[in-house]
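Build out the structure end to end from the sequences listed, making use of the hints.
One letter stands for each residue in the lines below.
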Amino acid sequence: MDLRSAAKSFLYGNRTIALLRMLLGAMFLYSGYFKVLDFASFARTIDLYGLVPGVVIPFAALTIPVLELILGLFLVTGYQVRPASFISLLMMLVFSAAISINLARGKTFDCGCFELGRFGISEDISYRLVLRDLAMAVVFYLVFNAKRHFYSLENLIEKRRLRHV
Amino acid sequence: MIDPAEYKGLVRQSAVIIIAAFLLGLAINVFHPKGFVLVGRESLERKKIVGITTDEAKHKFDRSSGLFIDTRDGDDFAAGRIRGAINVPAHPESLTMIKLKEYFDTISSPQELVLYCDAGCDSSESIAAKIIGLGYSRNVYVLKDGMKPWVDRGFPVDNGR
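Note that the protein sequences, when read in sequence, are chains A and P. Each residue of the first sequence is one higher than the one before, counting from 0 in numbering that gives the first Met the number 0. Each residue of the second sequence is one higher than the one before, counting from 0 in numbering that gives the first Met the number 0.
Note that these hints are calculated values from the structure, not bench results. Fair warning: there could be bad hints in the mix.
[As the list claims (entries may be wrong)] Here are a few chain P residues that face chain A, going by a calculated C-beta distance under 7 angstroms: (1) Gln-12; (2) Ala-20; (3) Leu-23; (4) Asn-28; (5) Phe-35.
From the three backbone atoms N, C-alpha and C, an ideal C-beta is built for every residue, glycine too.
What follows is the structure, given as structure tokens:
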């Protein structure tokens, strides 16, 4: 297989895309789970960004972790992949913007992104984190744009449907 | 890329997912062991000192759920006070701090704090702020109309030192 057809297959949706989709989905499940355990400390993290009005913070703190869990579940199982990857893409763009604004303000604090601090990986806001989130946004775009999703419920359902046609 | 009809469907599906996440978040919060108060940070801070009426204070008195703190000076306290009240005068400040330390265990008890002074005075608010400053995390109640309506209505009082 030459490079061109490999790229074509990648963009159309091959096993690598499926693997990336599941990997990012698992990451959402992991980070969402730890945030759901303690909504209040996630609310304090949102507050640190200084971008959301005080009255909105508790509602955002309740919604984002559960949203991460739902998106994670959809991405891992390959169900509702298109809307899930679309929301994920938007979230990554919003997170990148929020971190960039606070870097410009000269602030430093834990970004509260993926709970990687538990593995000893620092998640203090930095341009490296902005690049990481943008890179994830690119991957979500590729997943969003893919026409075929290997190892997905959608694929399975479609196959079953076609068998009965 | 994406055609307008598909875009509409995509936005609708995304909205459904986000709303579902929000509702599920609310539901989880109800049963969450670390239940989360759904008000902004500012309103939480502002609400810490809460003004109450004489009737509301009497209700706390009857249920023995309130610890009454008289914030007037020692002479006024001796002349007449709400039954069971303790005295933490607002002036001089050094005495306030000594009294707060003296009563620290009582103040930290599960009872709700109800502070009062004369009508129109602000010593209750200033001492309430000091108590919150010491790390007291619950609401502190202040009798809005002061001591006088309590006496006028014949509610229980004590006198003497």
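Against the structure, the hints:
no. : hint   : verdict
1   : Gln-12 : holds, 4 angstroms
2   : Ala-20 : holds, 4 angstroms
3   : Leu-23 : holds, 5 angstroms
4   : Asn-28 : holds, 6 angstroms
5   : Phe-35 : holds, 4 angstroms
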